[in-house]
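Undergrad: Place chains B, X, F, G and R on chain Y using the hints.
Take a look at the letters that make up each chain.
Protein chains: 6
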Amino acid sequence: MKQLIDKAEVLIEALPYIRRFYDETIVIKYGGHAMTDAELRASFAVDVVLLKYIGLKPVIVHGGGPQIGRILERLGIESTFVEGRRVTDDQTMDVVEMVLGGTVNREIVALIQRGGGRAIGLTGNDGAMIQVTRKVLGGRDLGRVGHVERVDPAPIRAVAEAGFVPVIAPLGIDEAGLTYNVNADEAAGAVAQALEARKLILLTDVEGVKGVGGKLLSRLSAEEARELIAEGVIEGGMIPKVECCLEALEGGVERTHVVDGRILHAVLLEIFTDGGVGTLITP
Amino acid sequence: MKQLIDKAEVLIEALPYIRRFYDETIVIKYGGHAMTDAELRASFAVDVVLLKYIGLKPVIVHGGGPQIGRILERLGIESTFVEGRRVTDDQTMDVVEMVLGGTVNREIVALIQRGGGRAIGLTGNDGAMIQVTRKVLGGRDLGRVGHVERVDPAPIRAVAEAGFVPVIAPLGIDEAGLTYNVNADEAAGAVAQALEARKLILLTDVEGVKGVGGKLLSRLSAEEARELIAEGVIEGGMIPKVECCLEALEGGVERTHVVDGRILHAVLLEIFTDGGVGTLITP
Amino acid sequence: MKQLIDKAEVLIEALPYIRRFYDETIVIKYGGHAMTDAELRASFAVDVVLLKYIGLKPVIVHGGGPQIGRILERLGIESTFVEGRRVTDDQTMDVVEMVLGGTVNREIVALIQRGGGRAIGLTGNDGAMIQVTRKVLGGRDLGRVGHVERVDPAPIRAVAEAGFVPVIAPLGIDEAGLTYNVNADEAAGAVAQALEARKLILLTDVEGVKGVGGKLLSRLSAEEARELIAEGVIEGGMIPKVECCLEALEGGVERTHVVDGRILHAVLLEIFTDGGVGTLITP
Amino acid sequence: MKQLIDKAEVLIEALPYIRRFYDETIVIKYGGHAMTDAELRASFAVDVVLLKYIGLKPVIVHGGGPQIGRILERLGIESTFVEGRRVTDDQTMDVVEMVLGGTVNREIVALIQRGGGRAIGLTGNDGAMIQVTRKVLGGRDLGRVGHVERVDPAPIRAVAEAGFVPVIAPLGIDEAGLTYNVNADEAAGAVAQALEARKLILLTDVEGVKGVGGKLLSRLSAEEARELIAEGVIEGGMIPKVECCLEALEGGVERTHVVDGRILHAVLLEIFTDGGVGTLITP
Amino acid sequence: MKQLIDKAEVLIEALPYIRRFYDETIVIKYGGHAMTDAELRASFAVDVVLLKYIGLKPVIVHGGGPQIGRILERLGIESTFVEGRRVTDDQTMDVVEMVLGGTVNREIVALIQRGGGRAIGLTGNDGAMIQVTRKVLGGRDLGRVGHVERVDPAPIRAVAEAGFVPVIAPLGIDEAGLTYNVNADEAAGAVAQALEARKLILLTDVEGVKGVGGKLLSRLSAEEARELIAEGVIEGGMIPKVECCLEALEGGVERTHVVDGRILHAVLLEIFTDGGVGTLITP
Amino acid sequence: MKQLIDKAEVLIEALPYIRRFYDETIVIKYGGHAMTDAELRASFAVDVVLLKYIGLKPVIVHGGGPQIGRILERLGIESTFVEGRRVTDDQTMDVVEMVLGGTVNREIVALIQRGGGRAIGLTGNDGAMIQVTRKVLGGRDLGRVGHVERVDPAPIRAVAEAGFVPVIAPLGIDEAGLTYNVNADEAAGAVAQALEARKLILLTDVEGVKGVGGKLLSRLSAEEARELIAEGVIEGGMIPKVECCLEALEGGVERTHVVDGRILHAVLLEIFTDGGVGTLITP
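Residue numbers (our numbering), protein chains in the order written: chain Y, 14 to 296; chain B, 14 to 296; chain X, 14 to 296; chain F, 14 to 296; chain G, 14 to 296; chain R, 14 to 296.
Among the clues, some could well be false.
To be verified - Computed beta-carbon distance windows for the label pairs:
(1) X:D287 / G:G190: 20 to 26 angstroms
(2) G:S92 / R:K15: 37 to 43 angstroms
(3) B:R153 / X:R153: 52 to 58 angstroms
(4) B:I252 / Y:S231: 25 to 31 angstroms
To be verified - Pulled a few chain B residues facing chain X out of the computed Cβ check, cut under 10 angstroms:
(5) Q126
(6) P168
(7) I242
(8) A243
Please keep in mind that the hints were generated in silico from the structure rather than gathered at the bench.
Model, not experiment: these values are computed from the prediction.
Glycine is no exception: its CB is placed at the ideal position from the N, C-alpha and C atoms.
Excised from the complex, chain Y in its bound form (with noise of 0.2 angstroms):
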């Protein structure tokens, strides 16, 4: 019995958790190894429905590169990068279009509607939902790489009031009606905006943003990222991700966290927890 009372005093810690987020949209950008480690993943799932049944609203934006390069790779297609992004010449964009969409979309759906929910999948082209321009990064174009310019929260809205998970693969298509590629950390940020989110959460595989000396930094304000960013200290492949944290503070999102999803129930626990599993970047 004791053992029982323990785990009902757990039920009640979360209780002020729940009544703060209660009705509230998360955005959560999936991938790394929470995407690819099969215990990670069925511990992401029931996170996920357990979010969507006591009250929030969460809203799945996932990448998708190992899977892809695999599939270049049987059908022979080479690829270049410039600063860690894909260049998307026109076969490569049908073959991002084609497993973003129909395989790893898909498998997070399915995902999800094992461990007891019930999810739907869109892409950034359903109802032209992420409208984009072709991106140029430093003077050098990456092809089909679309920047994201205005989300259309309609399409998520409706699966969403339906009681559907939305589970949304991060394509644009441009004004001629033509698909991007789009980094899904910028597509998370700018689907958080447009839905005006209570939390936008980017699982990574690592621990969260460190500062001098390689410290993790449980906490951080704008401001203060700006600043290790100008200083060197936020660098690589963390900059895009503090980067999309900032904009989306900027455009609202209340709070922004750079969470470790190799941790089990990493969403769970940054969202009931006080410390949290990772940075938490606020305006």
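TA: Only chains B, X, F, G and R this time, still in chain Y's reference frame:
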């Protein structure tokens, strides 16, 4: 971190139960030690608030014995009892109504609100909700003691749909508009039927229903319950409780429970564990 | 037939008033003789029911002086008064809450239902509706007497929109969840403001507000009222009533009335005649 | 003050009737002296407006005899009658439609609006509402006189739900879209059935239905009415009125009334007194 | 098959126009030859019905000149005109109301219904919808001729939202409840403003607005129109039509059209072709 | 002008068909040449958009044969067929899902959006919508090929009610959450039943169903169709199409069509002409 993940696992374990009872009405008869012991009171309050937040619809019906007796005594009014039910003359009834509606009901509303919820107190004469006739027990008149004829769910629904936890004092009114004392178990059962509740939970000061040799029965069919009463195994104060469950089952309530209210978080444990903490009586 | 036609003419005369107040909220402070005299009680009840049926939205806020005093006396608890307001120590507060919420409020609900309406009783701690701070009057602590800071109209609206007449006991709660006694006139004024009521009617045991030489004033502007208080013409127990009206006017209530509750159908006459029966105070 | 209180009592006396008919549809056939006498017209208008304001749903169906005759005469068109019904050739029909829809209907709309209500005029061809076939009476063709086959309540409901009193001219259309003259009593009865009205009131120029020896019958069952027709006691122009009531009763209308429209406030007296002012025919 | 495909192409060509005007209100002033010629009448009816079915919201305001004159003549009533507007004495007004509301309005309702739609006729005194003051033109009293002060859109919306095409006779009422004759173009313009219509179409018996040398102008800005009036190029009966358009444009209507109603399907061609069939006047 | 009026006449001719199908769901199985030929693709897209705008509710279910084969080939995966249905082993299924959901479905969404509409792509595992069991055909296991057991219309309705055209890839999931390939005709038929569609249109690469001597049958009863199958007149690939129609008819779909998708605007012609362009099969 291990400990945090364990906590997350506890939340996850609760998921199937949340799913099962989502959006369902649960009527809880609140009384006994759970209502007098400070720690149990606090644990009851957070249980109710948690249920509300995770999407269930708790409705509280309370008793009020000790407080009534105390005030009667201080006012120098004496009472007689017939088969455990107070004979309620007119001046006693005035005190019953005053204490149930003005003290006990108010305290429970305040208790739930301190626990973080929002509650509204009702008594059976609000909206002429609990309609009764004068009860006659074994040929003996019990005075202003009512037998519930019908419960109009409209006032309870108005309150619940506006987001409040209804807290109901077991009073009834007859056709002439006269108020009556109603047994709290009986009121809870009738309310559960009127609301087409999924569950009726009677909090008691015993472990549950006991079978031959005083062994706690964790599960019982209606038929078995009737036999045990006939055989005299279920006896004394437990008889009306079990009969109240049987009637609720006939009225369409799916599951009824006689639960040990002396355990911390008894309500939560009943709903979120397989075995529960007392006796389940099924149709 | 002549007599019947005369009766029809009376109904017709009421038409412009019905039209004027259609769908409007009217808050009535109920107290004094109107609450103790049997004939006046009955006339009040049918007045309220009639208002409800012809499309107005009456909300009742009641006082409760005599009954509280009587029970305090029977329980041997003595009270002291400061400027006409009871100093409320903790044990007195228990009695105040018990009697206001459990006896007086219940009786008014029953009264309106016997008159053919449907009512639901509320107290200021239902849904933490009447939020107060501890009142300090002229440097003297009055104990558990509250100053209304804010009224949350949600519980009243839930009840009124479901078709019931809300009957409100003047209790308040502070941030810590402690209950307080609130002056009924003050509570009625605050409720009228929160509901954006069209009219606030204070039933009293005097003819109305009197001017120089004790002459009844049938109409008064807020400015004139303030001058009469400053000049000492309005004095004694009438001051808080007039101040309550003035505050309600500032809060957006259109018309406030100090009405002679000793007249049969005082509420109806106030609403359905040009002159009204007492003093109208306008912005 | 005494006189005022007496007036309040009259309002209070009306309460049980208001309660009984609250939100119910009352169809009134308006014609005869009540439509031509200035004082009766004004009294009718305020009656209707009062009904509307206190929560009933009056629907007016009017006749139009005298005005049609006058215009026909001025235009030099002669008519013949069969059993009290005008034989309506095509040019007569043009005048009937013009006068009923353009003059009489318009005047009643204006009349109710001068009385303080808001009304919208409809004719039976609005929305193809009153669907008729050509009536043949005793083998004689009456020309463009319609027998009501079906009433579509949609146009009446659209107008009533938007807060207007529907005023209906008794015209019908057949399958080919041709308009027909319809007896106003018959139209009122059919409208009452289509709207599932609680009451049908036929305003006439007689005291009511008379029995043996010309004695006014204040109440009559459908069976008794049929017997009195069979025995020739009910005769002449009263027969179609009573038959219209009988048919409405069969169609589900609860109460039908033949009322003396020459009395001031006949409609109000009918609804708000026990005896009423004419003859009640019940199922 | 070729011919069928051509037909499909025509439907497809209409698509951008359908898209542009979807769910928009289009007010059409109906009068002149389009109302008297049998073939034009039928073509107008199907045009309106088609608009309704493909998701636009047509509202018809009609004139009624010839029919009024004919009945006045048959009744031996003579009229005088001031600047093309009939001086309307009281007996003339009776005829105007009778003919507009009882004949012309009814015929258009029947016409649209024969075309497969469902219509409801309204006049400006239904629901006191078209509120007017007495018009004075150049110091000369025109009798019962109204100047539109305000249009209450509620009756039109009630009818349109219930799925009917509103057909409005241009009558108005003043504050005293007296009815007035209103110029149909003026009424249509005021109705278009009150409904915040997207388009106002005036069907006329001319090709459109003509410029210098009598050349048809297919498009005109408000400023150009004002200049052409000032220069005397736009003259005679066209002046009030153009002024009506100008006022509607100021009132927020997006596009106004003077269209040649003598062309078959003029309404459809105006809406579904780029050039339209007459003169477009824009802000 | 003549030409314009002719065009207007074509629109008018469409009116009865618009009226007939207004607000009705039309399920279209899209496949074959209509999906591969550029001109047919464009004509299909505008047809769908037009249907949507004029008030019908088109739902698209597509096939995907050629693209799947092409990718399988490029990946070096070989397939075997049983009775025209692909035997789908696990690695084939991965490709099927990827191509149907990620390429074909996406292209049709983009196609409709380029045509001016707004579309959202769904696959049968979104919301666990198309529930299947493993199909066994003539004792031979086809691998991951599903037999549709039930379609949950909720995801389709959510998307359609938000104003988007649902585009559905024919995948299904079984109870264990495993995805299956579903025949597109079968999926379309099941979707039509679940949505209680008015019409099911199967776009094919033949003229329609042919009778004795290869003569095109423009209309066929269910009974006749069954006889023609029994007699061997309907044979080969046409059998499953006709059987799909028969099943839809039994499931309550009113009309089913086997239409020649090689004709421009085949969908529009089917809906807007009397004869249609293929074979109508009725109950």
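Undergrad: Of the numbered hints stated earlier in the document, which are not met by this structure?
TA: Hint check: 4, 7, 8 fail, others pass.
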